[in-house]
Each structure stands twice: as C-alpha cells, then as structure tokens.
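Visitor: In this text, residue positions in the sequence shown follow this note's numbering: the first is 1, and each later residue adds one.
Keep in mind the hints are simulated off the structure, nothing from the lab. One thing to keep in mind: the hints can contain errors.
Straight-line distance between alpha carbons at most 20 angstroms, and here's what the computed EDC-like set of lysine to aspartate or glutamate pairs gives [as the list claims (entries may be wrong)]:
id : residue 1 : residue 2
1  : Lys56     : Asp86
2  : Lys194    : Glu216
3  : Lys138    : Glu166
4  : Lys231    : Glu197
5  : Lys267    : Asp86
6  : Lys173    : Glu197
7  : Lys267    : Asp250
8  : Lys267    : Asp229
9  : Lys3      : Asp100
10 : Lys138    : Asp168
11 : Lys267    : Glu216
12 : Lys267    : Glu280
13 : Lys251    : Glu280
14 : Lys115    : Asp151
15 : Lys56     : Asp23
16 : Lys251    : Asp241
17 : Lys138    : Asp151
18 : Lys28     : Asp100
19 : Lys231    : Glu280
20 : Lys251    : Asp229
21 : Lys138    : Glu181
22 : Lys69     : Asp23
23 : Lys71     : Asp19
24 : Lys180    : Asp170
25 : Lys28     : Glu239
26 : Lys3      : Asp151
27 : Lys194    : Asp241
28 : Lys194    : Asp170
29 : Lys249    : Glu280
30 : Lys69     : Glu216
31 : Lys56     : Asp19
32 : Lys267    : Glu239
33 : Lys28     : Glu57
34 : Lys249    : Glu166
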Amino acid sequence: MQKRFSGIVVPMITPLCSDLSIDILAVKRLVTTFTQNGIHPLVLGTTGESCSIGEKESLRLVEAAVAAKGKNQTIYAGLVGNQVQDLIHRGNQYIQLGVDCVVATLPSYYGLSPKQMTFFYQALADQISGPVMLYNIKATTQMSIPLTVVDTLAAHPNIWGLKDSERDTDRLKTCINTYKENPNFSFFCGWGAKSFESLQWGADGIVPSTGNYVPEMYRSMYAAALIQDWKTCQHWQTETDLVAVAYQKDKTLGESLAALKGLMSQKQWCSKTMMPPLTEI
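Take the sequences, apply the hints, and build the full model.
Guide: Below, the structure written as structure tokens:
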C-alpha cells in the first residue's frame, strides 16, 4: 500500500553561516542531494537544532527548502516549542510556504497527562491548515506518548502519522502492526539502528539522521526493501550503523550533531557552525 507519506525521510541538519544565519546555498545543495537519492527532507527537526532557531531564520530555511524541492519530493517541517499558539502560527506559516506536512513534538517544560497530550495535538490539527504528524521522542521531551493517545489521535482527519524515536522494540512492532493497513496514517521509525527491521516488519518509512552524510546508502537500503531483498537491506543497515558510530559513540546528542556537521563539512556540504548553546566539535 502506497501511502501519502512514506519512504526515507532524513532529518536535515540546519546549515549555518558564521553569523548564525541560514546558509541558503547549502540548503539548496542538501535538498538537491536528497532529491537525487529519492529522499525527503525533514527540516527543523531534532537534528536540525530546531529548538534554538528563531522564527525569522526558520522561515528562511523553509522557504529555501521548498524552493529547492524536487519532483515528487515531500518536504516536512518540525514544530518544537512550548507556546501552543506560536506553534499553530508557525505551522500555518510553513504550510503557506509550501511544506507538505508539519511534524510536532510535545511541549517539554511541563510533564503532561495523556489527556493534555491529546488536547495539544488536537489543537494543532484543528487549527493548522495542512497535514500534521505526531513526533514521539522521549530523549528530549522526557515523555512518551501513550499508544492509547496515538490511537485516539489517529482518527483525526488532519493527523496523518507518527514518527517514533523511542528505543522500545515492543512499541515499535505494535505501532507497525497497528497502522500498516491504515491508508490515512503512516508510521515512521526514528530509531536508526532499527531501520532495516522496521522496514521488514512493514513500517511506512524511516527517519535516519545518518542519511545526512550517506544518503546513497539509504537509497540502496530502501530500494532493497521495496523488492523485499532483506539480505541486501540488512547489509546496508550494517554499513550505516558503522557510520553512525563514527559520530555518535560516547557523545551527548548535541555533541553528536556537531560531529555530524563536522563530517559533512569535509564534503563541503555545510560549515561546522552550530547554533548556541551547542558548540562545534
């Protein structure tokens, strides 16, 4: 079943100039590279330092990404923050600029009850004029969206899927089995080490940060998955795991993002500049 949202979605790094403004040429370079590899970019996600980038530069980034969009390429934009009305406003701005879907994390200052989580996402879905996707990432929000909440929200006509980065194999399998036959709700695995397995189990797509550096490997992995060549798919999982270790091992999340930009700067795809409070490595 080919769903509206599926495939390889790379949470794109945010390329910056030395003055901390968006490097528009680098945005075009990255989006074009992803197009050539059949990959869809997620701008302003966790890998994209979204929580540290203000409205002006966020809009410049989205505008540049949409302008560079290739044929049949889907542009996702992340929504991260604690002010609900601001998130709704920003989401509508992104949709007006041409993104295909906004992907929202939970507000992370207060611990939220399941009822409050449901209210939050329903408010976004009711008031944003384009598709909304849930993003569960316990590592940054310190909260896990209960599967009962996901199930309730999946019935909303403007909520189109879930990206889940929680390190829980049982949860992963349950989500895939629950939604793989739902034509209006996509499940994306945001746990890079489980990319091959999640595709084999029936996930609609994967969201690997390592795809910033080796998009061609994920193009090959997904091509193998489409023809159910699981041996080749697993081979590319092993290869991409080795790349991930190179920039993630023994590092905090912020340090690993800086190391990823460092690797990409060696290819002259972007600078090593990080948005404070993160620093270069």
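Visitor: Confirm or reject each hint.
Guide: Consistency of the hints with the structure:
Taking the CA atoms of Lys56 and Asp86, the gap is near 13 angstroms; set against the 20 angstroms cutoff, the hint holds. With a C-alpha separation of about 18 angstroms, the suggested pair Lys194 and Glu216 falls inside the 20 angstroms cut-off, and the hint holds. As the CA atoms of Lys138 and Glu166 are separated by approximately 6 angstroms, the hinted pair is consistent with the 20 angstroms bound. About 11 angstroms separates the Cα atoms of Lys231 and Glu197, which keeps this hinted pair within 20 angstroms; it holds.
For the hint pairing Lys267 with Asp86, the CA-to-CA distance comes to about 36 angstroms; that exceeds 20 angstroms, so the pair is violated. In summary, the hint linking Lys173 to Glu197 is supported, as the alpha carbons are separated by about 10 angstroms, within the 20 angstroms threshold. A distance of roughly 23 angstroms separates the Cα atoms of Lys267 and Asp250; the hinted pair therefore is violated under the 20 angstroms criterion. A threshold of 20 angstroms between alpha carbons decides the hint, and for Lys267 with Asp229 the separation of about 30 angstroms lies outside it, so the pair is violated.
Between the alpha carbons of Lys3 and Asp100 the distance comes to roughly 14 angstroms, so the proposed pair stays at or under 20 angstroms and holds. For the suggested pair Lys138 and Asp168, the alpha carbons sit about 11 angstroms apart, so the restraint of at most 20 angstroms is met. Restraint check for Lys267 and Glu216: the C-alpha separation of about 14 angstroms stays at or below 20 angstroms, so the hint holds. Distance hint between Lys267 and Glu280 is fulfilled; the C-alpha atoms sit about 16 angstroms from each other, no more than 20 angstroms.
Taking the CA atoms of Lys251 and Glu280, the gap is about 13 angstroms. The hint holds against a cut of 20 angstroms. For the given pair, Lys115 sits about 13 angstroms from Asp151 by alpha-carbon distance, which is consistent with the 20 angstroms threshold. The suggested pairing of Lys56 with Asp23 holds, with an alpha-carbon distance near 13 angstroms, which does not exceed 20 angstroms. For a cut-off of 20 angstroms, the pair hint linking Lys251 to Asp241 stands: about 15 angstroms separates their Cα positions.
For the given pair, Lys138 sits about 18 angstroms from Asp151 by alpha-carbon distance, which is consistent with the 20 angstroms threshold. Between Lys28 and Asp100 the CA atoms are separated by roughly 17 angstroms; this keeps the pair inside 20 angstroms, and the hint holds. For the hint linking Lys231 to Glu280, the alpha-carbon distance of about 38 angstroms lies beyond 20 angstroms, and the restraint is violated. Our distance criterion of 20 angstroms between C-alpha atoms is broken by Lys251 and Asp229, whose separation comes to about 33 angstroms.
Pair hint Lys138 plus Glu181 does not hold up; C-alpha atoms about 26 angstroms apart against a cutoff of 20 angstroms. Proximity of Lys69 to Asp23 is assessed by CA-CA distance (about 16 angstroms); at most 20 angstroms being required, the pair is judged to hold. Between the alpha carbons of Lys71 and Asp19 the distance comes to roughly 32 angstroms, so the proposed pair goes past 20 angstroms and is violated. Simply put, Lys180 and Asp170 have alpha-carbon atoms about 15 angstroms apart, close enough for the 20 angstroms limit, and the pair holds.
Pair hint Lys28 plus Glu239 does not hold up; C-alpha atoms about 27 angstroms apart against a cutoff of 20 angstroms. For a cut-off of 20 angstroms, the pair hint linking Lys3 to Asp151 stands: about 18 angstroms separates their Cα positions. Taking the CA atoms of Lys194 and Asp241, the gap is about 10 angstroms. The hint holds against a cut of 20 angstroms. For the proposed pair Lys194 and Asp170, the alpha carbon gap of about 12 angstroms is at most 20 angstroms, so the pair holds.
Straight-line distance between C-alpha atoms of Lys249 and Glu280 comes to about 16 angstroms, which keeps the hinted pair within the 20 angstroms bound. Restraint check: the Cα-Cα separation between Lys69 and Glu216 comes to about 18 angstroms, which is no more than 20 angstroms; the hinted pair holds. Taken as a hint, the Lys56 and Asp19 pair is honoured in the structure, with Cα atoms around 14 angstroms apart against an allowance of 20 angstroms. For a cut-off of 20 angstroms, the pair hint linking Lys267 to Glu239 stands: about 19 angstroms separates their Cα positions.
Taking the CA atoms of Lys28 and Glu57, the gap is near 15 angstroms; set against the 20 angstroms cutoff, the hint holds. Pair hint Lys249 plus Glu166 holds up; C-alpha atoms about 18 angstroms apart against a cutoff of 20 angstroms.
Hints 5, 7, 8, 19, 20, 21, 23, 25 from the list above are not met by this structure, while the remaining hints are.
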